[in-house]
Structure formats: structure tokens, C-alpha cells
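Participant: Sequence:
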Amino acid sequence: MWVNKFQLRVQFLYFIITTALGERQDARSTISNEVGNDNILHDANGQKPMREEAHLNDWRLPQLDKGVAVLDVTNNLTKELGYFIQVGFGTPAQRRHVLLDTSSLSTYILSVDCDSCAAAEDNEKGYNSSMSSTHKDNGTLVDLDYRFLQSSGRASQDSMNLGQFEIQDQWFQESLRSQWKGVSYDDVWIIYGILGLGNPHAGGAAKGFRSPLKNAAIQGHLKTNIYGLKLANPGQLMIGDVNQQLFHGPIIWFPLENTTTKVILPEAWQTHSDSGGVKFELPSGEYREWPLDNHTVLFTTAWPYIYLDSYTGSYLMEALGFDFDQFMLPPNVPCAERIYMPDVSLTIAGHTFILSPYDYTIEWKWPGYPMTCVSAFSLFDPEEDDDPKQIILGSAFLRKYYSMYDYDAKAVGFAALV
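For reference, each letter of the sequence shown is one residue, going -22 to -1, 1 to 396 in mature numbering (1 follows the signal peptide of the UniProt record, and there is no 0).
Just so you know, these hints were derived from the structure itself, not from any lab. The structure presented is a predicted model; accordingly, all values stated were derived computationally and were not measured. From the three backbone atoms N, C-alpha and C, an ideal C-beta is built for every residue, glycine too. Hints may be right or wrong, so weigh each one.
To be verified - BS3-like cross-link-like pairs, simulated, lysine-lysine; straight-line CA separation at most 25 Å: (1) K367 to K159; (2) K201 to K44; (3) K388 to K201.
To be verified - Simulated DEER-style distance windows between Cβ atoms: (4) G263 to D121: 49 to 57 Å; (5) A314 to W268: 33 to 41 Å; (6) G117 to Y347: 28 to 36 Å; (7) G117 to S94: 17 to 25 Å; (8) K159 to F305: 51 to 59 Å.
Take the sequences, apply the hints, and build the full model.
Facilitator: And the structure:
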């Protein structure tokens, strides 16, 4: 039968995904609400969470010289939706484009001393500590595991420039060896580093080093301990505030649940969903529906897709009409057919997000071939020791909204893009 055939293909087509992915506060609602392009709710309890030091209602238009930094976000990995910002390392600043990761607290940059990577002996790509007057090296070796890649190198301390901020004595890994795990459809050699913007309440970065944003807060750079993110082109990361000109309507706020290491990305911003599910309407008016109750929901820019368990994800994509038989491609449909495909409702903690066919597909273009639209849904099977009920909402989901990450309120927010 089809499912058996698909399960065999999963082992090949999703090798990278199924191998690399490897304080609880309930987000409750008494009614079922829908979130479309222009209909965004408040938070999971109908109220904005209270900040420890201020109300989110007190936001004003940002003053960029008073604790707010703005950085451009670019979509450099177009097939797997990898988003990059420019970070300066050292004095004078060696500016490099690094991958933005909301599910990690660790930061690394390829060293020019890395003889097995694209930055080898290249001062335009890698970090050269000998050219920085503020570099410190304590001789400690550090290993980092981002699930999709592993990096080994030395712990370095140097100044770090994030937009208008200059963070002093920031620890990061100076990578001497970087290994990609699995197969990628994009040019992963353009990843010269990763900036970790994960949940600061999840613990600490590698070897107990503070994450860059936590260090920025301690050093008094931030107007408020929050950042806002827009992935859709033109993308923007605002640190120290949110850009109210980029979104409209109310905000959905999800409280961070008590952080657990039993999830695939333990440093990710995460929430708990008591009631959830995914469904869509058939032409007959009937619904196809799969429950997703009592799940941990992880938000990450480092993974491209919307990851569901194998059972739910495979049957959902089959029912939507995705083709699994094109060699070396994830499930896909002709782009012209999207106009006939239904909207999909994804419910998290009682709140329903409406995803159009243009939201749950990703446009891939190969030279000399017509555009292909691959599924933004993907499959995830946890490792043996992990919580089996996890949903990972990657860039395909986050790109639809303006997302906000509040350190003090311990909450993640979403609003409709302007």
C-alpha cells in the first residue's frame, strides 16, 4: 500500500531530517479562534503577559540610539529557508554573515585556521583572531552540536558587533572543524557561522558561556529585553524592542513552558499546547483532521519546515495531493496547482493559524528546470529518550508572521505582517 512505499522513501528523502532532528505553563483558551492573514489574537489567555519590569503596552517607536539595534535579515539559503544577519567579530570588526538560530544559545564563527572548510586562510570569510586587538584565548576546546551540523574549535573571547551594539568580551567558538550532517539541497558552504538567539531560560550556552543577547542585556545595551523578527523579504531583526511598523492587529502570546531537555532542540523558544491539531476542508464540505493534543511546540529559524510526527505528516501530505515519486525531491506539487489546494488549519494551544497553499509550499528553482513547489510539511521522529509529542515550527511557519521573543515576560508572540 502507499504508506509502506512512502515509509521506504522517507529513509532516503528525509535522511537529514529524521537523523539530524534527533516552568510548564499551559497556553489555554476557552474558545477556538482562527488566525488568518489579518486576524491575529492576543495571547493564549486573552491577555498580554505581564513583564517583570514593564508592560508590553508601554512600547513606543524605537529610538535607535537608546538601546535598540536593527539588522537586515537575508534569505541566503532559498530552498531550505536559511536566514542570515551580519555580525562583526573583533576589533576592528570582521563582518561576516552568519545563520540566525532561535533554537540555540551558542555562537560560532569559522576560523581562518580551519583547513577543512570554506573559510580556510580567507580573511574575507573566516575570523582571524590575530587581526583583533581585543581577542582573548584561554586554550579551552569546545564542541557544538546543532543537530544539522557539528563544530569543533577553541573558545574565544572578543568584542561582537550587532548592529548598533558593541558587546564586550563575548565568548564564542572559533571553529577549526565543521561537519554537515546528512544531505542538503542548498549550498551549506556559505554558512560561516551561527548566531544563537535561543531561549535564555533554557540554561546556558556551551561551557556555560553567556549568549550574545544575554550579555548585551547585562552590559546595559538593551532598551527592553526583547527582540522582534521579520523573515519575509525584506527581513529585519530588531533587538531591544519590536518594530510596530512591520505588523498590525493584536498579538498572540504563548508563554514559555518549563524548559525540558527531552525535546529535540532543548534551547529553543517553546510552549506547551494542551489542545491542538491540523485539518483542512474537502470540496464535499467534510474535514480531514488529525489531533495534536498535549504537544511541546518548538520555534526555530534553523530548520526550514513544519515538522509533524510521521503518521500525521504523511497522511496530511497524501491527502493534500503532494507527489512523493519524484526522485531526490521532497513531496511536491506543480506550482500552478496551488490555486486549487485548500487552506490548512494548524491549531496550537487552542489558537488556529490558517496556512494557505502558498504558505505550506516552498518554491524551488533549479537552473534549466521549471519551478517546483515542495511541501513545507515534513516528518519528525524523536529519538528514544525524547518526548514523543513534539511539533517543530521552522522558518516556513515563522516567515508568515512578525514574531517576538520576550526574555522578561518569558513569552513568544506572533502578529500579522503589514
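Participant: Holds or violated: are the alpha carbons of K367 and K159 at most 25 Å from each other?
Facilitator: holds (24 Å)
Participant: With the threshold set at 25 Å, check whether the alpha-carbon distance from K388 to K201 stays at or below it.
Facilitator: holds (17 Å)
Participant: Under the criterion that the straight-line Cα-Cα distance not exceed 25 Å, is the pair K201, K44 satisfied?
Facilitator: Distance ~6 Å between K201 and K44 Cα, so the pair holds.
Participant: Taking the Cβ atom of G263 and the Cβ atom of D121, is their distance within the range 49 to 57 Å?
Facilitator: Roughly 54 Å apart at Cβ, these two residues keep to the hinted range, so it holds.
Participant: Mind checking the hinted window 51 to 59 Å against the Cβ distance between K159 and F305?
Facilitator: violated (22 Å)
Participant: Between the beta carbons of G117 and Y347, is the distance compatible with 28 to 36 Å?
Facilitator: violated (50 Å)
Participant: Taking the beta carbons of G117 and S94, is their distance inside 17 to 25 Å?
Facilitator: holds (21 Å)
Participant: For the hint 33 to 41 Å, verify it against the beta carbon of A314 and that of W268.
Facilitator: violated (27 Å)
The structure fails to meet hints 5, 6 and 8 from the earlier list, while all remaining hints are met.
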